[in-house]
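What follows is each chain in one-letter form.
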Amino acid sequence: MAVNTNVPAVSNEERLAGLKNDKKFINRMFWWLMFHITQLFTMERMMGCSMAMMMASAREDLYPGDPEKQRDLVERHMVFFNTQQGFGSIIWGICLGMEIEQARTGEVPNDIIQTIKTALASPIAGIGDTLWQILFTPILLSIGIGLSSQGSPLGAIVVIVVYAAVNFPLTYTLFTLGIRAGVDGAETLIGSALKDRLMLAVETLGIIIVGGTVGSMVNIRTALEFNINGVVVNLQEQVFDAIYPGVFSLICFYLTYWLIKEKKWSAMKIMLVMLAVAAVGYFTKILA
Amino acid sequence: MQITVLQAILLGIASYAYNSGILGGWIFLNICSRPLTIAFAIGLIMGDMKTAMIIGCVIQALYLGATSIGGVQSMPAIGMSMFFGIPIAMAASSGPEEAAALALTICLACSAIETPLKSFGNIVKQAALHHVDSFVHRNKLKQAIAATYIWQQGLCFLMYGLPVMLLALVGQDAIITMVALLPPWVTGVITTFTSLLRTLGFGLLLAGLLKNKAQWFLFLFGFALVKGMGISVLSLTFIGLGIAYLVFVLSDKGETTKLGV
Chain C
0 MAVNTNVPAV SNEERLAGLK NDKKFINRMF WWLMFHITQL FTMERMMGCS
50 MAMMMASARE DLYPGDPEKQ RDLVERHMVF FNTQQGFGSI IWGICLGMEI
100 EQARTGEVPN DIIQTIKTAL ASPIAGIGDT LWQILFTPIL LSIGIGLSSQ
150 GSPLGAIVVI VVYAAVNFPL TYTLFTLGIR AGVDGAETLI GSALKDRLML
200 AVETLGIIIV GGTVGSMVNI RTALEFNING VVVNLQEQVF DAIYPGVFSL
250 ICFYLTYWLI KEKKWSAMKI MLVMLAVAAV GYFTKILA
Chain W
0 MQITVLQAIL LGIASYAYNS GILGGWIFLN ICSRPLTIAF AIGLIMGDMK
50 TAMIIGCVIQ ALYLGATSIG GVQSMPAIGM SMFFGIPIAM AASSGPEEAA
100 ALALTICLAC SAIETPLKSF GNIVKQAALH HVDSFVHRNK LKQAIAATYI
150 WQQGLCFLMY GLPVMLLALV GQDAIITMVA LLPPWVTGVI TTFTSLLRTL
200 GFGLLLAGLL KNKAQWFLFL FGFALVKGMG ISVLSLTFIG LGIAYLVFVL
250 SDKGETTKLG V
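Residue numbers (numbering that gives the first Met the number 0), protein chains in the order written: chain C, 0 to 287; chain W, 0 to 260.
Heads up, some of the hints might be wrong.
Partial chain C-side listing against chain W, Cβ under 8 Å, derived [to be verified]:
#: 1; residue: S148
#: 2; residue: A164
#: 3; residue: V165
#: 4; residue: L169
#: 5; residue: A200
#: 6; residue: V209
#: 7; residue: G210
#: 8; residue: M216
#: 9; residue: F239
#: 10; residue: F252
#: 11; residue: T255
#: 12; residue: I259
FYI, nobody ran anything at the bench for these hints, they're computed from the structure.
Even for Gly, the Cβ is constructed at its ideal location relative to N, Cα and C.
Input sequences plus hints: build the corresponding full structure.
Written out as structure tokens, the structure is:
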């Protein structure tokens with residue numbers, strides 16, 4: 000987008016200083032970033048491409064009419080970069096903020112920008128992967144499964160709407176915080192006690208929901224029957240269900256959990272063993 | 000039920016759109032690649048929402064604990080396979096339970112094609128990235144952005160869109176014939192296998208959540224409310240949110256531990 004540089008009242012420096020509070024500019028950069036993030040993720044540079052492309056999208060705002068500096072700006076960011084996209088949006092914001100400062104004052108050397116970018120990537124990814132990939136998304140999906148397991152589309156709709164309703168403001172707020180507050184903003188995020196308390200609360204919710212979803216989704220039964228002194232005892236109905244509904248499913252679930260947690264088996268290995276158990280279980284009627 | 004040409008084309012387009020990041024970018028990317036949301040799209044296209052969602056839930060349960068951290072996936076890739084595996088299973092089976100078992104089998108079997116296809120795609124992307132670099136070095140930034148999108152979207156269409164269209168059309172007859180020939184015990188074993196698999200997804204998820212053994216009480220609390228008392232998962236969510244809120248408030252600055260002592 001071309002920026003009118005012929006307005007005499009505002010100097011380039013003042014214009015650059017105003018960029019950090021320019022809502023239109025921030026919105027435009029945010030939406031470009033949201034799409035750039037998903038493009039050309041490779042093992043060599045991971046999300047590096049999106050950082051370079053965001054700078055390319057900001058080229059006319061930072062260095063209007065100066066192709067050499069625009070190229071240098073993009074070239075600086077064509078390096079490896081990887082974090083978690085949502086929480087990491089603060090890093091894209093910080094880098095953009097620092098590049099604005101560099102364009103304005105020329106006092107932010109590339110070394111500093113790269114060091115800060117690399118230093119923040121891992122801790123932010125740690126928070127993001129835990130809160131987002133291990134807690135929020137699976138818990139939301141568990142609720143979705145609970146709503147849709149009988150065939151209703153409601154679960155999918157709820158999952159999509161709630162996901163977007165949380166992800167959008169979160170990513171946008173952190174991106175804006177990054178541009179405006181810079182590294183201080185990131186330190187607040189990494190060091191805050193609020194984060195630990197939030198994680199504990201979400202963990203609690205998650206465990207309860209998983210318990211409930213296992214109750215509604217896992218239904219493993221045995222068809223074994225015993226003949227004791229002429230009386231036929233159905234193991235599922237007269238023993239397991241009599242103790243507590245679903246107790247056999249619970250035992251099977253615990254066995255799987257034990258293999259994952261205590262035995263550290265991989266998912267593939269467990270699946271292969273389960274296939275064998277299913278075959279044996281089917282023919283011996285241990286599993287029905 | 001047969002998959003029509005129009006449905007196959009729509010499935011291909013949906014597979015491309017869901018996997019390429021073009022639907023709302025990052026805002027939707029991560030949730031689009033989930034079995035539950037994919038099943039929703041398939042239900043719309045195939046006109047049988049109920050069966051699609053039941054299958055979606057079974058596959059989602061297995062993939063609940065699946066994570067992708069630093070580009071490393073913990074479960075076999077089925078992001079593309081679902082787009083033809085689920086519709087074909089719907090076409091080939093008589094009931095939702097059987098369809099779910101069949102869909103899961105097709106998807107897991109096809110991950111053997113999908114994983115190398117993904118690796119190949121990554122190599123092409125690597126080359127594409129250097130093509131983009133060359134535009135930047137020549138100071139053609141506008142073209143660099145355009146090249147990024149053309150490579151990514153073109154590749155996604157070739158990797159996710161086209162194969163789904165072709166496999167949905169070509170594969171269905173072969174699989175329907177095969178399913179008709181299967182002896183009943185094979186279906187029986189697969190159905191039993193599917194019911195066991197459900198424990199895996201939840202197990203992986205719980206393994207990430209549980210920090211100490213006392214937290215098993217929380218798990219049993221949720222289990223008992225749903226299984227023993229018949230409370231819906233949605234109601235349980237509200238109860239859980241209430242408890243989570245209490246935990247959040249009471250964990251303030253460790254005051255509670257001091258009070259507890």
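Hint by hint, which ones does this structure get wrong, listed from lowest number up?
Those not satisfied are hints 2, 3, 4 and 9.
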